[in-house]
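In our numbering, the protein residues as written are 362 to 469.
It is worth saying that the hints were derived from the structure and are not from the lab. A portion of the hints provided could be inaccurate.
[What the hints assert, rightly or not] Here are the simulated DMTMM-like pairs of lysine to aspartate or glutamate, each with C-alpha atoms no more than 25 angstroms apart in a straight line: (1) 464 to 436; (2) 415 to 395; (3) 443 to 413.
Remember, it's a predicted structure, so these values are computed and weren't measured experimentally.
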Amino acid sequence: MSGKSLLHFGLPKPIREQSIIINNHQYMSELAYDVSHLIQVVSVGVSKFHHDQKKVYDDVLNSVNSNSGQLFFLDAPCGTGKIFFINLLLAKVRSGKNIAYYKRHYRK
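Given these sequences and hints, build the entire structure.
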């Protein structure tokens with residue numbers, strides 16, 4: 362929320378018990394990635410980007426790393442590497458022990 366705490370909006374600070382987090386299987390599985398493998402995947406994959414892909418990749422990561430909360434849409438024809446691109450972004454974020462989630466939108 363633009364770097365502001367819940368207290369700024371008059372909401373109570375959440376109470377997080379460590380035992381609840383540890384017992385949450387889904388949460389723990391999101392942090393259980395092989396970081397060294399992810400780093401290798403990212404290194405190899407990013408080297409295959411062309412100039413425009415690398416620019417967008419850097420822009421998205423800058424937004425993530427600065428917590429700026431920007432919204433990005435990826436729209437391109439089939440076969441242009443969108444899934445490859447998204448998988449590398451997810452791998453990069455997850456390699457930093459962060460949770461990254463992707464929801465694919467299907468057109469009807």
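Legend entry - Given pair status - residue 395, residue 415, alpha carbons within 25 angstroms: 24 angstroms, holds
Legend entry - residue 443 paired with residue 413 [C-alpha distance capped at 25 angstroms]: With a Cα-Cα distance of about 13 angstroms, the restraint between residue 443 and residue 413 holds, given a limit of 25 angstroms.
Inset, instruction - Would you mind confirming whether the straight-line C-alpha gap from residue 464 to residue 436 stays at or under 25 angstroms? - result: 14 angstroms, holds
Of the numbered hints stated above, none is contradicted by the structure.
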